[in-house]
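Q: Here are the chains, one letter per residue:
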Amino acid sequence: MDQYNELNEMHIDVLREIGNIGSGNAATALSTMLDRKVDISVPQVRILDYATVTEELGGPEALLAGLLLFLSGDVTGMIMFLLHKDFAQMVISTLTGMEPDNVGDLDEFSSSAVCEVGNIMAASYVNAIASLTGQVIDISPPDICVDMVGAILSVPAIYFANIGDKIIFIQDEFDKQEGDRRSSSHILMIPETDSLKTLMTKLGLAI
Amino acid sequence: MSQTITVGISDLNIARAPDILVTYALGSCIGICLYDARVKLAGLSHIMLPSASSAPNVADQPMKFADTAVELLIRKMESAGARRVLLKAKIAGGAQMFSGLSTSSIANIGLRNAQAVKIELLRQRIPILAEDTGKNYGRTLYLSAEDGSMKIKSATKGEWNF
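Going down the list, the protein sequences come from chains A and B. Position 93 of the first sequence, counting from 1, maps to 93 under the working numbering, and the rest follow consecutively. Position 161 of the second sequence, counting from 1, maps to 1161 under the working numbering, and the rest follow consecutively.
Honestly, the hints are just simulated from the structure, not real lab data. Yeah, the Cβ is synthetic: ideal placement off N, Cα and C, and Gly gets one too. Hints may be right or wrong, so weigh each one.
Just the calculated beta-carbon pair ranges, DEER-fashion [stated by the list, open to error]: (1) Thr-76(A) x Lys-1088(B): 35 to 45 Å; (2) Gly-58(A) x Thr-1004(B): 11 to 21 Å; (3) Asp-39(A) x Asp-1060(B): 41 to 51 Å; (4) Arg-1125(B) x Leu-95(A): 48 to 58 Å; (5) Met-33(A) x Pro-1018(B): 37 to 47 Å; (6) Gly-24(A) x Ser-1054(B): 32 to 42 Å.
The calculated DSSO-like cross-link candidates involving lysine-lysine, where the alpha carbons are at most 27 Å apart (straight line), are [as the list claims (entries may be wrong)]: (7) Lys-1088(B) x Lys-1118(B); (8) Lys-1040(B) x Lys-1157(B); (9) Lys-1088(B) x Lys-1076(B); (10) Lys-1135(B) x Lys-85(A); (11) Lys-85(A) x Lys-1157(B); (12) Lys-1153(B) x Lys-85(A); (13) Lys-1135(B) x Lys-1151(B).
Some but not every residue of chain A turned toward chain B, in silico, with C-beta under 8 Å [to be verified]: (14) Asn-8; (15) Met-10; (16) Asp-13; (17) Val-14; (18) Gly-134.
For reference, chain A alone in the conformation it holds in the complex:
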């Protein structure tokens, strides 16, 4: 398998389950940190080109906070969190007691608060998958960028350009509801094709 589009329905089901387990754990971690209820939707696993992903996230110019972490060890790839402005704001105000007025211009303190949340969520996500498959997976410290979603996604697009124009988009939506204020965020897990093979094999599926 060199390209993602060689995956079949059964593989997609397994990935959906991986996303489910990972994001369930991440949501629990988030809920504990924020001391409030966090809902997650059933993850959607789709193999999409970047342009479609961008459209689904509100168009290329939508302003989002992106957190990027690299996976290393037995499984390599990236995890990317895309947080809506409201969500980032909620996290910052809950953790720091401050109301940032402009998410586009986060101070260092707010940035590190958001990064820390991303770090803990990613660790929970990855630990669930690591213990399920018996693999050792390390994560890098997160890096943050608040900008147009198209520009943020150009980073994984370039990194994985050798694989093709499509990414496995394991989209987990986190919702936090407070009155009628609803803010969501997304986790994208982007394994390298070799690592995907490893995960599938460990789960007893040939690819």
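Chain B: place on chain A using the hints.
A: Structure of chain B alone, referenced to chain A:
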């Protein structure tokens, strides 16, 4: 009425006055604008990577790479009436979106893209009139076929005209 023509990632297109070419949210990618003022013909290419030889799996997608997309764009403009010797260039993009990236293969990709584009334009003997590359933010690029002006819009840092 002028029309706005969108150029996607790893894509290129041309437009005549008074139309406008746009490419959204350039991150580490580069937007290459070419313009022939005599016939008011503009061309825009959105490349992702420096060189086709660096990505053998997808080397059959010439619009993705600096070293192959420029030639394609020139030919497309020539067949629409532009003259190679009259072309002038403006370039933008090549940002480093995540400041702390240390993974070697993509840490400097914006810079490497910008260098590859400049080398290719030099090879084609096309002068670069304006450049807005590097830094750490995304850019949306508008190229007017009316006068060859390039407008850059960022999410939070403002707008500039080149």
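Q: All hints, please: hold or fail.
A: Structure-based check of all given hints:
1. Thr-76(A) x Lys-1088(B): 35 to 45 Å: The hinted range 35 to 45 Å holds for Thr-76(A) and Lys-1088(B), with Cβ atoms some 43 Å apart.
2. Gly-58(A) x Thr-1004(B): 11 to 21 Å: holds (19 Å)
3. Asp-39(A) x Asp-1060(B): 41 to 51 Å: holds (44 Å)
4. Arg-1125(B) x Leu-95(A): 48 to 58 Å: Since Arg-1125(B) and Leu-95(A) have Cβ atoms about 56 Å apart, the given range 48 to 58 Å holds.
5. Met-33(A) x Pro-1018(B): 37 to 47 Å: At roughly 54 Å between Cβ atoms, Pro-1018(B) and Met-33(A) fall outside 37 to 47 Å, so the hint is violated.
6. Gly-24(A) x Ser-1054(B): 32 to 42 Å: Distance hint for Gly-24(A), Ser-1054(B) holds at roughly 39 Å.
7. Lys-1088(B) x Lys-1118(B): holds (12 Å)
8. Lys-1040(B) x Lys-1157(B): Since the Cα atoms of Lys-1040(B) and Lys-1157(B) sit roughly 30 Å apart, the hinted pair is violated (cutoff 27 Å).
9. Lys-1088(B) x Lys-1076(B): holds (15 Å)
10. Lys-1135(B) x Lys-85(A): Status holds; Cα separation ~22 Å.
11. Lys-85(A) x Lys-1157(B): holds (17 Å)
12. Lys-1153(B) x Lys-85(A): Given that 27 Å is the threshold and the Cα spacing comes to 19 Å, the pair holds.
13. Lys-1135(B) x Lys-1151(B): Answer holds: Lys-1135(B) to Lys-1151(B) is near 17 Å, not above 27 Å.
14. Asn-8: violated (21 Å)
15. Met-10: violated (25 Å)
16. Asp-13: violated (27 Å)
17. Val-14: At about 24 Å, which exceeds the 8 Å cut-off, the nearest Cβ of chain B leaves the hint on Val-14(A) violated.
18. Gly-134: violated (26 Å)
The structure is inconsistent with the numbered hints 5, 8, 14, 15, 16, 17, 18, although it conforms to all the rest.
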